[in-house]
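Student: Each chain is listed here by its residues.
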Amino acid sequence: MTTRQPLLKVAALRKTFDNNPILKGVSFELHKGGIIVLIGPSGGGKSTLLQCINCLTIPDGGEIEFDRQRLDIHSRPALYQHRQDVGMIFQEFNLFDHLSARDNITIALRKIKKLPRREADERARLELEQVGLADKAELYPAQLSGGQKQRVAIARALAMDPKVLLLDEPTSALDPELIGEVINVIKELAAKGMTMIMATHQISLIATLADHILFMEDGRIAEQGSPAELLGAGCASKTQGFCDRLNQLSGE
Amino acid sequence: MELSPFYQELFESLNRGLLMSVALIIPSALGGILIGIFAGCLRAFGNGLVRTLGNTYAAIFRGTPLVVQLFILYFGLPNLGLYLSPYAAAVTGFILCSGAYQSEYIRGALLSIKRGQYHGAQALGFTTLQTIFWIIIPQAIRRAIHGCGNEIIYLIKYSSLAYIVTCLELTGEGKTIATEYFRFTEVFTIIGLYYLALVSCAVLILKKIEQRLYIPGFGHK
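Chains as they are written, first to last, in the working numbering: chain A, 1 to 252; chain B, 1 to 221.
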């Protein structure tokens, strides 16, 4: 197992905004089917790390190796291809407001993958069914609840057949009673073997899904390990302390 | 009912002028929108040089009177060996002027689209141009449509300036008759009613377009 090539390898990733270093050299590896959970205090660099991985934010330094290929961050075609392979789910959903749920999914298939309308529609139908929204295809984002929007966003990302999915606090903008439906979809994805990196404050996701936890603080990985190592009984890790505080806040 | 010779001649002239006005307004409105979208995009998204170019265009055509622009196009350009017919000069002037104003509405709308829409598209692998074309512009048009419609209604009325470069449209035809018969009150009241009818038609068409483009989340039906 250890000789296996990682699907994604990030080395010494750095990013500075206005003289304010946000990432100070982050390195990790992710194998196919693996799930990494990013946790840590706000401003610790979780979102920036995720955005650097698919180059929505271009890192200042470091290397990204994806599918055994070193990513050339200066080549636009390489970036566009890379982003098709790396799906992203946002805290604020970022559905296209002028398109129905179906067309939110089909537009990238039609305009980037050049699928004919009929095939794209069929794919959208399948993906919406997967997230339990087959009957909402015609509705626009303004007509959907937060949880439904996030499920459409997941369907949209999956329709591109990404090899890895990045989730940036996918449940943080949702009303508490809507979190469950999104968590269920994410758990189904995990069960199907989707490779994922997820930033979250959702204790239930951290404990049940992660095979590896990265605790990020002040632009660095402060601690990492399996849930058992970091959250096991009697372990005095920073991660444990952080999760305890989350628990107290949410009253779980 | 038999109309008096004055009214017979008036309506004959005004109807001819009306046709000319419509022939001026339609290409000017469409051209203005196209140039407005183009210049608006340059001004909102262009890098240094293109943006400056777009801003300069808007500054010149919004900053000088339309009459002056028309005079330069019709009476000035021949000095450079470029001869425009009255009609061509008028339409060119209207398109450039209208485009400058439209570009401001479009630019505002483009800049009002949230960052997340770009991120959503980029994350799927859209190029910058594809993002602007397929995601940003369709939304911006729906935000800009009320301002753009306003500009078109304004264009209908400033199309009356065509007569000063001898392109005889509604106002020009009417003025000829008014001078001939020295009956300004009746003539210009009726011209006013003609414009009112034109604008009412435009308002109706714009409303239809608005309804056509309606999408939940972008204003009310």
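Derived from the structure by calculation, the hints contain no laboratory data.
None of the values given here were measured: they were computed from a predicted structure.
Warning: the hint list may mix true and false statements.
[Said to hold, decoys possible] Okay, derived cross-link-like pairs now, BS3-like style, lysine-lysine, Cα gap no bigger than 30 Å in a straight line:
1) A/K24 x A/K9
2) B/K207 x B/K114
3) A/K111 x B/K208
4) B/K175 x A/K111
5) A/K113 x A/K24
6) A/K163 x A/K113
7) A/K24 x A/K163
8) A/K163 x A/K187
9) A/K114 x B/K114
10) A/K163 x A/K114
11) A/K111 x A/K136
12) A/K24 x B/K207
13) A/K113 x A/K187
14) A/K32 x A/K9
15) A/K9 x A/K136
16) B/K157 x B/K175
17) B/K114 x A/K113
18) A/K136 x A/K163
19) B/K175 x A/K136
20) A/K163 x B/K114
21) A/K24 x A/K111
22) B/K208 x A/K136
23) A/K136 x A/K114
24) A/K136 x B/K207
25) A/K32 x A/K163
26) A/K24 x A/K136
27) A/K114 x A/K192
Student: Work down the list of hints and note, for each, if the structure agrees.
Tutor: Cross-check of the supplied hints:
| no. | hint | verdict |
| --- | --- | --- |
| 1 | A/K24 x A/K9 | holds, 16 Å |
| 2 | B/K207 x B/K114 | holds, 26 Å |
| 3 | A/K111 x B/K208 | holds, 29 Å |
| 4 | B/K175 x A/K111 | violated, 54 Å |
| 5 | A/K113 x A/K24 | violated, 36 Å |
| 6 | A/K163 x A/K113 | holds, 16 Å |
| 7 | A/K24 x A/K163 | holds, 26 Å |
| 8 | A/K163 x A/K187 | holds, 17 Å |
| 9 | A/K114 x B/K114 | holds, 26 Å |
| 10 | A/K163 x A/K114 | holds, 19 Å |
| 11 | A/K111 x A/K136 | holds, 22 Å |
| 12 | A/K24 x B/K207 | violated, 55 Å |
| 13 | A/K113 x A/K187 | holds, 28 Å |
| 14 | A/K32 x A/K9 | holds, 11 Å |
| 15 | A/K9 x A/K136 | violated, 38 Å |
| 16 | B/K157 x B/K175 | holds, 15 Å |
| 17 | B/K114 x A/K113 | holds, 25 Å |
| 18 | A/K136 x A/K163 | holds, 26 Å |
| 19 | B/K175 x A/K136 | violated, 60 Å |
| 20 | A/K163 x B/K114 | holds, 28 Å |
| 21 | A/K24 x A/K111 | violated, 37 Å |
| 22 | B/K208 x A/K136 | holds, 27 Å |
| 23 | A/K136 x A/K114 | holds, 24 Å |
| 24 | A/K136 x B/K207 | holds, 28 Å |
| 25 | A/K32 x A/K163 | holds, 8 Å |
| 26 | A/K24 x A/K136 | violated, 43 Å |
| 27 | A/K114 x A/K192 | holds, 27 Å |
Violated hints, listed in ascending order, are 4, 5, 12, 15, 19, 21, 26; each of the other numbered hints is respected by the structure.
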